[in-house]
Each structure stands twice: as structure tokens, then as C-alpha cells.
Amino acid sequence: MNIFVLIKQVPDQGAKAGINPDGTIDRARAKRMLNPFDRYALEAALFVRRLYGGTVTAISMGPPPAVEVLYEAIAHGVDQAILLSDRRLAASDTLATAYALYCTVRYAGAFDLVFCGLQTTDGDTAQVGPQLAERLQVPQITYCEKFEIAQGAIVARRVIEGGAQTVRCPLPAVVTVANSAPRLAYKTLRGARRVQQLQRDEAERSRVIRTVNLDDIGADPVRCGLKGSPTIVAATEKVGEIGGNCTLYQGKPLQQLVDDLLAAQVIAPELVKQ
Amino acid sequence: MSTKQVLIFVEQEDGCARPVAFELLGAGRMLANKLGAELAAFVACDSVGELPETLVAHGADRVYVAEHPELATYRTLPYRRVLIDLIAAMDTPPHIVLFGSTTTGRDLAPRIAAYFETGLTADCTELDIGPYEHTNAQDPSKVGLYPDCLYAIRPSFGESLKARILGPWKNPQMATVRSGVMVPLAPDATRTGVVQSVPVHLESADLQLVVAETLRSLGEQVELQGAEVIVSGGYGLGNPEGFALMYQLAACFENSAVGSSRKAVDAGWIAHAHQVGQTGKTVRPKLYIACGISGAIQHRVGMDKSATIVAINKDSNAPIFKFAHHGIVGDLHQVIPELIRQLKLQKTSTPDTSHVATHSL
Ligand SMILES: Cc1cc2nc3c(=O)[nH]c(=O)nc-3n(C[C@H](O)[C@H](O)[C@H](O)COP(=O)(O)OP(=O)(O)OC[C@H]3O[C@@H](n4cnc5c(N)ncnc54)[C@H](O)[C@@H]3O)c2cc1C
Numbered sequence: 007m008n009i010f011v012l013i014k015q016v017p018d019q020g021a022k023a024g025i026n027p028d029g030t031i032d033r034a035r036a037k038r039m040l041n042p043f044d045r046y047a048l049e050a051a052l053f054v055r056r057l058y059g060g061t062v063t064a065i066s067m068g069p070p071p072a073v074e075v076l077y078e079a080i081a082h083g084v085d086q087a088i089l090l091s092d093r094r095l096a097a098s099d100t101l102a103t104a105y106a107l108y109c110t111v112r113y114a115g116a117f118d119l120v121f122c123g124l125q126t127t128d129g130d131t132a133q134v135g136p137q138l139a140e141r142l143q144v145p146q147i148t149y150c151e152k153f154e155i156a157q158g159a160i161v162a163r164r165v166i167e168g169g170a171q172t173v174r175c176p177l178p179a180v181v182t183v184a185n186s187a188p189r190l191a192y193k194t195l196r197g198a199r200r201v202q203q204l205q206r207d208e209a210e211r212s213r214v215i216r217t218v219n220l221d222d223i224g225a226d227p228v229r230c231g232l233k234g235s236p237t238i239v240a241a242t243e244k245v246g247e248i249g250g251n252c253t254l255y256q257g258k259p260l261q262q263l264v265d266d267l268l269a270a271q272v273i274a275p276e277l278v279k280q
Numbered sequence: 006m007s008t009k010q011v012l013i014f015v016e017q018e019d020g021c022a023r024p025v026a027f028e029l030l031g032a033g034r035m036l037a038n039k040l041g042a043e044l045a046a047f048v049a050c051d052s053v054g055e056l057p058e059t060l061v062a063h064g065a066d067r068v069y070v071a072e073h074p075e076l077a078t079y080r081t082l083p084y085r086r087v088l089i090d091l092i093a094a095m096d097t098p099p100h101i102v103l104f105g106s107t108t109t110g111r112d113l114a115p116r117i118a119a120y121f122e123t124g125l126t127a128d129c130t131e132l133d134i135g136p137y138e139h140t141n142a143q144d145p146s147k148v149g150l151y152p153d154c155l156y157a158i159r160p161s162f163g164e165s166l167k168a169r170i171l172g173p174w175k176n177p178q179m180a181t182v183r184s185g186v187m188v189p190l191a192p193d194a195t196r197t198g199v200v201q202s203v204p205v206h207l208e209s210a211d212l213q214l215v216v217a218e219t220l221r222s223l224g225e226q227v228e229l230q231g232a233e234v235i236v237s238g239g240y241g242l243g244n245p246e247g248f249a250l251m252y253q254l255a256a257c258f259e260n261s262a263v264g265s266s267r268k269a270v271d272a273g274w275i276a277h278a279h280q281v282g283q284t285g286k287t288v289r290p291k292l293y294i295a296c297g298i299s300g301a302i303q304h305r306v307g308m309d310k311s312a313t314i315v316a317i318n319k320d321s322n323a324p325i326f327k328f329a330h331h332g333i334v335g336d337l338h339q340v341i342p343e344l345i346r347q348l349k350l351q352k353t354s355t356p357d358t359s360h361v362a363t364h365s366l
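Top line first, the protein sequences correspond to chains A and B.
Numbering-wise, my numbering comes out as the position in the first sequence, counting from 1, plus 6.
Numbering-wise, my numbering comes out as the position in the second sequence, counting from 1, plus 5.
What the hints contain is simulated information worked out from the structure, not anything from laboratory work.
You can take every hint at face value.
The calculated DSSO-like cross-link candidates involving lysine-lysine, where the alpha carbons are at most 27 Å apart (straight line), are:
#, chain 1, residue 1, chain 2, residue 2
1, A, Lys-279, B, Lys-291
2, B, Lys-167, A, Lys-37
3, B, Lys-268, B, Lys-291
4, A, Lys-37, B, Lys-268
5, B, Lys-291, B, Lys-167
6, B, Lys-268, B, Lys-310
7, B, Lys-291, B, Lys-310
8, B, Lys-268, A, Lys-193
9, B, Lys-327, B, Lys-291
10, B, Lys-147, B, Lys-167
11, B, Lys-9, B, Lys-175
12, B, Lys-167, B, Lys-327
13, B, Lys-291, B, Lys-349
14, B, Lys-352, B, Lys-291
15, B, Lys-327, B, Lys-268
16, B, Lys-39, B, Lys-167
17, B, Lys-147, B, Lys-39
18, B, Lys-175, B, Lys-39
19, A, Lys-279, B, Lys-352
20, B, Lys-319, B, Lys-268
21, B, Lys-147, B, Lys-9
22, A, Lys-233, B, Lys-167
23, A, Lys-279, B, Lys-349
24, A, Lys-258, B, Lys-327
25, A, Lys-258, B, Lys-352
26, B, Lys-319, B, Lys-291
27, A, Lys-233, B, Lys-147
28, A, Lys-258, B, Lys-319
29, A, Lys-193, A, Lys-37
30, B, Lys-319, B, Lys-349
31, B, Lys-167, B, Lys-310
32, B, Lys-310, A, Lys-279
33, B, Lys-175, A, Lys-233
34, A, Lys-258, B, Lys-349
35, B, Lys-268, A, Lys-152
36, B, Lys-39, B, Lys-310
37, B, Lys-175, B, Lys-147
Construct all of the structure, not just a fragment, from the sequences and the given hints.
Pasting the structure below:
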């Protein structure tokens with residue numbers, strides 16, 4: 007099995023560092039982390055290799071520090087990695103991102119399965135997986151939470167509104183993994199040793215983690231970055247500071263607080279069960 | 006003929022449109038009116054029945070119908086094929102195409118957008134039409150004034166911001182729209198529209214994936230959207246047992262349901278079906294009681310249209326107090342039992358005036 011998994015480095019919104027007082031993110035200072043949704047995709051990729059054998063290649067696109075998430079993937083047991091890094095990718099929207107990733111996958115070679123996280127915590131669109139599948143001209147399974155592989159096909163359960171659906175699809179395919187799928191296991195000792203080894207041995211490192219640019223993968227720069235993006239963020243509007251009209255009940259004995267609230271007719275009597 | 010068109014994708018099951026389709030018609034009608042455009046709906050199914058009339062009554066001027074046995078259940082590739090064929094066959098592509106931000110819409114819309122190499126904004130909470138002047142000369146081919154640009158507005162990540170996303174350079178301009186946000190129009194049976202059947206040509210490659218089984222576990226359906234009162238618990242509950250308290254409080258109300266923040270769902274305290282917010286459900290009950298919820302933007306966009314918001318939080322600086330109507334500052338483990346006690350007391354002591362009023366009529 008030739009398995010690819012797409013992962014992304016995102017700002018860590020849990021960390022206070024890099025969060026401006028107005029709630030916006032200072033991307034230069036923000037702590038970074040592996041997109042939480044991608045952890046499920048990584049687990050799915052490693053699961054396939056565990057059961058059916060093969061090679062897992064992690065692919066990421068981002069500035070040079072994004073290599074951190076590729077090390078993390080290797081610590082979890084991924085065999086090799088590719089980082090697509092190029093200034094001409096700046097301001098890519100989902101369409102341009104999917105194009106660049108498509109070129110990277112094409113460069114990486116033939117595949118049976120490409121796993122993607124359902125969405126990222128920074129873009130939050132869930133669009134890149136299906137857009138990649140469209141460019142690769144293969145079927146997709148989105149919101150996949152459980153699967154097995156039999157006779158060259160994947161049989162998967164996907165989440166739908168208020169339920170689930172079982173589908174069967176021949177390989178190759180693109181799969182986006184839901185966050186109800188199995189959680190990523192701990193890093194392995196072997197993986198951790200491998201990362202240490204790569205950090206010592208530069209030749210081995212550049213063999214295992216290939217860093218490529220748009221020219222290496224044969225991508226058309228006009229279809230990438232700002233130029234290749236049909237959408238732009240034209241304006242942002244702060245929504246944090248509405249109201250200020252909240253009536254606060256505090257600084258009194260508890261019973262009195264609740265009494266005051268109810269006396270203010272906040273809870274319409276007809277809503278209360280008789 | 007090159008009538009300007011706003012096109013919406015209708016999700017259907019067994020010949021019935023899903024609620025989001027009517028919401029899209031409501032939003033699409035408003036956009037079409039502003040543009041002076043026609044509002045069209047696209048349905049793919051095995052047998053359409055009376056659905057087109059229903060869609061017309063809810064605001065569509067034209068309904069495109071693709072009927073084929075292979076289109077009975079939604080599947081990416083056959084649906085992709087018929088929708089691409091429809092749009093490609095038009096003299097001018099639709100000005101705007103809208104999908105619901107559902108597991109179906111989010112599966113299909115990106116493929117259509119990638120095929121036409123056009124923009125797609127995900128998970129919008131507001132839509133509008135307006136002018137846009139692009140001056141950024143980094144890409145001279147895009148500079149210009151665009152009078153009828155789709156304003157696709159969505160909450161922006163982790164920040165208390167809403168972003169307005171535009172892509173007027175190419176039609177169709179596409180967006181997926183959160184379900185529960187747009188308001189459907191009241192049906193008008195006297196409205197008339199054109200029903201147009203569209204050809205279906207499926208290739209064997211489109212039929213590779215088969216749906217073996219579809220299960221909608223109604224037991225798991227949480228009736229958040231129909232509830233008049235929602236009692237919602239967050240990470241401040243401290244542990245899964247905290248939700249028992251939520252159910253006790255909810256039980257004090259007539260038509261109530263229990264909601265939650267994402268952090269409580271992620272912690273595994275309650276099922277995702279209860280989640281309110283950007284990646285959960287959008288609700289607008291008469292009363293929303295937020296317990297131990299900080300009020301992050303992603304939660305807020307799911308509930309800030311509630312008629313009355315009451316927050317219980319021990320931190321008087323919690324963001325939720327910026328938009329709640331009433332707030333008790335205190336430990337929810339003390340406040341809620343007291344609230345339950347007084348609500349019970351209230352109902353036993355106050356005479357049932359609504360009852361009296363009905364009788365005197
Ligand atoms: C892409 C994306 C999508 C998201 N989608 C959603 C979504 O759909 N819905 C959603 O809710 N979130 C969503 N989030 C997460 C959101 O950003 C917040 O992290 C989340 O809403 C916080 O949940 P919370 O308020 O329960 O927890 P916290 O932020 O941890 O807040 C807990 C609150 O409880 C209070 N508290 C603690 N103990 C007590 C006590 N004993 N009594 C009273 N108060 C107490 C604290 O003061 C605090 O205000 C999303 C995030 C991202 C990045």
C-alpha cells in the first residue's frame with residue numbers, strides 16, 4: 007500500500023502566547039501545533055500500514071518551521087515526509103492550496119490512499135480534501151470514522167446528519183477523517199529514536215524529509231498563492247464588543263441572586279413546566 | 006438567453022427536501038431580488054414527485070430536475086456529474102451557487118468549485134450583494150470595480166472577528182451556508198415557476214462508489230433546533246456528571262433540550278449532536294441558558310440569535326457576559342440547584358394565570 011497523509015501546522019489557539027489583546031492572532035509569535043484534525047488522519051494512515059503493510063508518506067505545505075509537524079509524524083511512525091515550501095504560496099485560498107497539494111501528490115508518485123484531516127482549525131473549511139480528489143480525478147470519502155480494506159476496495163462508515171452511512175469504494179481514493187475516528191496513539195520509541203537520528207544525520211534527514219518548491223513539483227506559480235486564489239478576505243469586522251447591556255447578578259447571597267433574576271421576569275412563566 | 010441566476014442545491018431524501026434547502030431558498034431569494042436575477046433550484050433524485058411545486062412555493066422561479074435511479078441517494082460522483090453538466094451547458098454560468106454547509110454540501114461543493122476553478126467560501130453565516138473595488142496591483146488582472154459581488158461572511162478562526170470573503174472575478178461565486186442560520190420564506194402556493202428536466206449522462210467511473218447502508222438513528226437526534234429552551238453546558242461543568250445537572254434544569258421547562266460547547270464534546274462528556282456553534286448546530290430558542298461556557302466566537306455564532314440569553318459563569322469577565330442579556334456570576338454547582346429549587350417553588354406557589362385566562366375567554 008502506498009499511503010499519503012496530508013498534515014498542516016496551525017497556530018495553537020489554546021496557548022495565550024501570540025494572541026493579541028483584541029483577540030486576533032499574531033502569527034509570528036503564536037505557538038504552533040499539528041492541526042488537531044490531522045491527528046485522526048495520521049492514525050488512519052498508520053492503521054492501514056499496520057494491517058495491510060506499505061509505506062506512509064506525510065505531506066505538508068507551509069513555511070520552513072512547518073517541518074516540525076513532519077518530525078512529529080515521524081515520531082508517530084510515518085516512514086518519510088515531503089514539505090512543500092515556497093514564498094509564492096503566500097495567501098493561497100483553498101483552491102490554490104488544493105492545486106499545490108495536488109502537484110505535490112503527483113510528484114510523490116502513485117498512491118492507493120490519501121488521508122486528510124477533516125478540516126483545519128485555522129481555515130476551518132473542510133474543502134481541501136474534496137478539491138484535491140477532484141484534481142486527482144478519484145472518488146472521495148468524507149467524514150470517514152471507521153474503515154477496512156478488502157479486495158482492493160475500502161469499506162467505510164461516514165458520518166452524516168443524525169446518523170451514518172456505509173460505503174464501498176475501489177482504490178485509489180481520497181479519505182477525509184472525522185474526529186469521531188480512533189485517536190492517534192502515542193509516539194513510538196522507535197519513532198522518537200528515528201527523529202533523534204535524523205536530527206544528527208543531515209544526509210539521512212534530507213533523504214527522509216524532502217523539502218520541495220513549486221519548480222520541483224512542476225506547479226504553475228500563476229495557479230498558486232494570491233494570484234491563483236479566486237477568493238480574498240476583503241474585510242474583517244470585530245464582533246467581540248457588542249452589547250455591554252448584560253444585567254449582572256453578583257455580590258449578594260446566592261438565594262438573593264437567583265431571586266432577583268426570576269423577579270426580573272427573565273424566564274417567561276409559560277416556558278416553565280407546570 | 007442570459008438571465009442572471011442564483012442557483013441553490015437542494016438536498017433531498019425520499020423526495021423530501023431537507024430543511025436547509027428552504028433556508029437556502031430564503032437566502033437565495035434575497036440575493037436574487039438584489040441582483041434582479043432569477044432564483045433557480047437544482048434537485049437530483051430518482052423520482053421528484055411534487056418537490057418542484059414545493060420549491061416554487063418557497064421562492065424558486067425555476068427548478069432544474071435531474072431524475073435517474075442512480076441519483077436516489079446522494080453520492081459525490083453522480084451528483085457532481087449532473088451538476089457540472091447543467092452548469093457547463095448554460096450560456097452564462099450562474100452568478101451565484103449556494104449549498105448547505107452539511108455533510109453533503111461540504112462533500113459536493115468543493116468538487117464543483119475545483120472543476121470550474123472558482124472561489125468557494127465555507128460555512129457562511131451571512132450573505133449579501135454589494136460593490137467591490139479591487140485596487141491591489143499585485144495582480145493587475147484583478148484590478149477593477151465589481152458592482153454585484155457576493156459578500157460571503159463567516160466567523161474567522163479563534164478570533165472575535167467576522168471575515169467578508171469575496172471572489173467576484175469569476176462566476177459562479179460559490180458558498181456553503183450554515184444550516185439553521187438563514188430564514189426560510191413562508192410558502193406561497195400561488196407562486197408560479199418553471200420546472201425544467203435536465204439530461205443525465207452518467208459514466209461507469211461515476212458509479213464506482215456504492216452506498217451499502219444509510220442509518221439515521223433517530224434516538225440520537227437531539228431536538229435542539231425545535232426546542233424553546235436550551236440549557237447548555239460547557240467545560241466549566243468540570244466533568245461528565247455535570248450534564249446530569251443540565252438535564253435536571255432542562256426538565257423544569259416545557260419544550261427543552263440540552264446543548265453544549267465544543268470543549269465539553271471534545272472532552273467526551275456528551276455527544277456531538279448536542280454541540281452548539283460553528284461546527285455544531287445553530288439555534289434560536291426563546292431562552293438559552295449557558296452554564297460554564299466562556300462564550301468563544303465559535304460558540305456565539307451558534308446561539309446569539311436566541312431571544313433571551315442567561316449566562317451562569319464564575320468569572321465576571323467571561324466574554325459571554327458581553328452578549329448575554331442576564332448573567333449570574335457564581336459557581337454553577339451552587340447556582341443551578343438554587344435556580345431549580347426556586348423554579349419549582351415558583352410553579353407551585355404562583356397561580357396558573359394562563360390557565361385562568363383561557364377559561365375566562
Ligand atoms: C474551527 C473551530 C470551530 C469551533 N467550533 C465550536 C463550536 O461549534 N461550538 C463551540 O462551543 N466551540 C467551538 N469551538 C471552540 C471554541 O473556540 C471554544 O474553545 C469553546 O467554545 C470553549 O468551550 P467552553 O466555553 O465550554 O470552555 P472554556 O473556554 O474552558 O470555558 C469554561 C468557562 O466555564 C467557567 N467556569 C469554570 N468553572 C465554573 C464553575 N464551577 N461555575 C461557573 N462557571 C465556571 C469559566 O469561567 C469559563 O468561562 C471551535 C473552535 C475552532 C478553532
